[in-house]
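**Q** Okay, here's what each chain looks like letter by letter:
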Amino acid sequence: MLIKLQGISKAYGRLAVLKSCDLTLESGQLLCLVGSNGAGKTTLLRVASGLLSAEQGKLLVDGAEWPLKNPEWRRKCALVAHKTFLYQNLSGLENLRFFSRLYQRDFSEKELKERLAEAGLARAAEKQVRTYSRGMQQRLTIARALLSDPDVLILDEPFTGLDKDGSALLVRMLAELKGRGGMVLMTSHDPQAALAVTDGFVRLSRGVLGEVLWVDGRSWSEIEPNLYPECIPEVSAA
Amino acid sequence: MKNWLSTLKALIWKDLLQEWRSKDMLTAMLAFAILSIFIFNYAMELDPRQRAELAPGILWVVITFSGTLGLNRSFVAEQEQGSFDALVMAVPGLGSIWLAKQISNFLMMLVLIVIVLPIYSLLYNQNLFNPGLILTLILGAWSFSAAGTLLASMTAQTRMRDLLLPVLLFPILMPVNMAVVKAGMGVMSGAALASYQVWLTVLLVYGIIMTTISLLVFDYVILE
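Heads up: the sequence lines are chains H and W, in that order. Once you know that position 132 of the first sequence is 131 in numbering that gives the first Met the number 0, the rest is easy, because the numbers rise by one and skip nothing. Once you know that position 209 of the second sequence is 208 in numbering that gives the first Met the number 0, the rest is easy, because the numbers rise by one and skip nothing.
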């Protein structure tokens, strides 16, 4: 599967947030979107997930054009955003059961509990989500997103609130998803944490999307100067 | 169709379980309704004939005002953690989200009516357990929750939702208010069905039209 976002432009009133952005994602690929606050990362993710319309641009799936806000496309995607999307008065298990029913996935109680156990939440399965810590909620959010076995997983700052084990778990889950041919588009303010699993970085600056910087086995110290060239200290001529 | 119904069932189950545990809506609705009935009771000294005439009006005012409080809270769970986006992404036809919320709100209105009727009957020493009046209130509650759920989904995203919802809702509900009161008065005065049947028809048609419009425009309301 190959998806292309072509010429995506989005404005809120007079403020142009995305300016003709192009992005290509292939099966088994993970791209990490970086950029400062207000660069338009979340807007791009919402457009990519079919939740937000764009003034211009198109979505191509395997060469065929799809409407940007197509419900069928939305069901192929899963989104992990800043908010958890969880129901606070339901337990972790009830949340997963509810979303699995919405996705028409016939998971048994045992399978749902296994999902919770994979996310490290076996003991908290029956507790209401409002009693969970931020990190536990983030783990459940990721388990909820993976429930539908999405073709495209879209993650907005997924490492937020996760402890070391949680981050390792997320990296493992993402690697498994990639291994199964899933596509991942994520943002991170900590690209170094994403290095373990990402195939490339793309920088969004003032609504303009840069070229993909492929990792290709390079270390962070090799990638960073190319990703943030303006941060390289100038060396005065001798 | 089977998938659509199972989605609808899951959404209603979620709403009712959430409400059962949080009691967000019912607490606000019942507190307001019971207080209002008490205040009306003390504020107006009515003879039995006046009571029979005014009962449907007072009752409907109490029910709509309490219901509006409930509607304002009906999207709290979705707003709290942004789960509306998750629903939009998971559900193929967004109309099922509206219909589930509408049915949940209607059930809350029924609970309100079931609790308010005996309290009102007791305080005003008046038997309101009349099948005709109950039917009128049920039809009114469906129309109220149909219009209210759509508007609540629009105002839920705004900061001034508590003010905005009644300002938008009450003018739209004018035909419903009039029909419930007129039909209710007809029932309570013991008039022949033919004399108030037209108001019951108005309620029925309004409910059908509002349900259809809401199902058609909900996608647009949510996504735009």
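In case anyone wonders, no lab produced these hints; they're calculated from the structure. What you are looking at is a predicted structure, and each value in this text was computed from that prediction instead of being measured. It is possible that part of the hints are untrue.
[Unchecked claim] Example chain W residues on the side facing chain H (calculated, C-beta under 7 Å, incomplete): (1) Asn2; (2) Ala51; (3) Glu52; (4) Leu53; (5) Gln78; (6) Gln80; (7) Ala85; (8) Gly94.
[What the hints assert, rightly or not] No more than 25 Å apart at the CA atoms, straight line, and that leaves these computed lysine-lysine pairs for PhoX-like: (9) Lys181/W / Lys82/H; (10) Lys109/H / Lys22/W; (11) Lys8/W / Lys126/H; (12) Lys126/H / Lys181/W.
[Unchecked claim] Chain H stretches covered by chain W per the calculated footprint, using a threshold of three residues with CB under 8 Å from any CB of chain W: (13) 61-73; (14) 184-192.
Even glycine gets a Cβ: it sits at the ideal position worked out from N, Cα and C.
**Q** Decide, hint by hint, whether the structure agrees.
**A** The hints, checked one at a time:
1. Because the smallest distance between the Cβ of Asn2/W and any Cβ of chain H comes to about 5 Å, under 7 Å, the interface hint for this residue holds.
2. At about 42 Å, the closest approach between the beta carbon of Ala51/W and any beta carbon in chain H exceeds 7 Å, and the interface hint on this residue is violated.
3. With a cut of 7 Å, the hint placing Glu52/W at the interface with chain H is violated, because the nearest CB-to-CB distance is about 43 Å.
4. The beta carbon of Leu53/W is not positioned within 7 Å of any beta carbon in chain H (closest approach about 39 Å), and the interface hint is therefore violated.
5. Taking 7 Å as the C-beta contact cut-off toward chain H, the hint placing Gln78/W at the interface is violated, the least distance being around 9 Å.
6. Interface hint at Gln80/W: satisfied, since its Cβ lies 5 Å from the closest Cβ of chain H, which is below the 7 Å cut-off.
7. Because the smallest distance between the Cβ of Ala85/W and any Cβ of chain H comes to about 4 Å, under 7 Å, the interface hint for this residue holds.
8. Taking 7 Å as the C-beta cut-off, the interface hint given for Gly94/W is violated, the closest approach to chain H being about 11 Å.
9. Of the pairs offered as hints, the one joining Lys181/W and Lys82/H is violated, with about 47 Å between alpha carbons and a cut-off of 25 Å exceeded.
10. Our distance criterion of 25 Å between C-alpha atoms is broken by Lys109/H and Lys22/W, whose separation comes to about 30 Å.
11. Of the pairs offered as hints, the one joining Lys8/W and Lys126/H holds, with about 23 Å between alpha carbons and a cut-off of 25 Å not exceeded.
12. A C-alpha spacing of about 50 Å is found between Lys126/H and Lys181/W, which places the hinted pair above 25 Å, so the restraint is violated.
13. Counting residues of the segment 61-73 of chain H whose beta carbon lies closer than 8 Å to any beta carbon of chain W gives 4, which reaches the threshold of three, so the coverage claim holds.
14. For the segment 184-192 of chain H, the assignment as covered by chain W is violated, since 0 residues bring a beta-carbon within under 8 Å of that chain's beta-carbons and 3 are needed.
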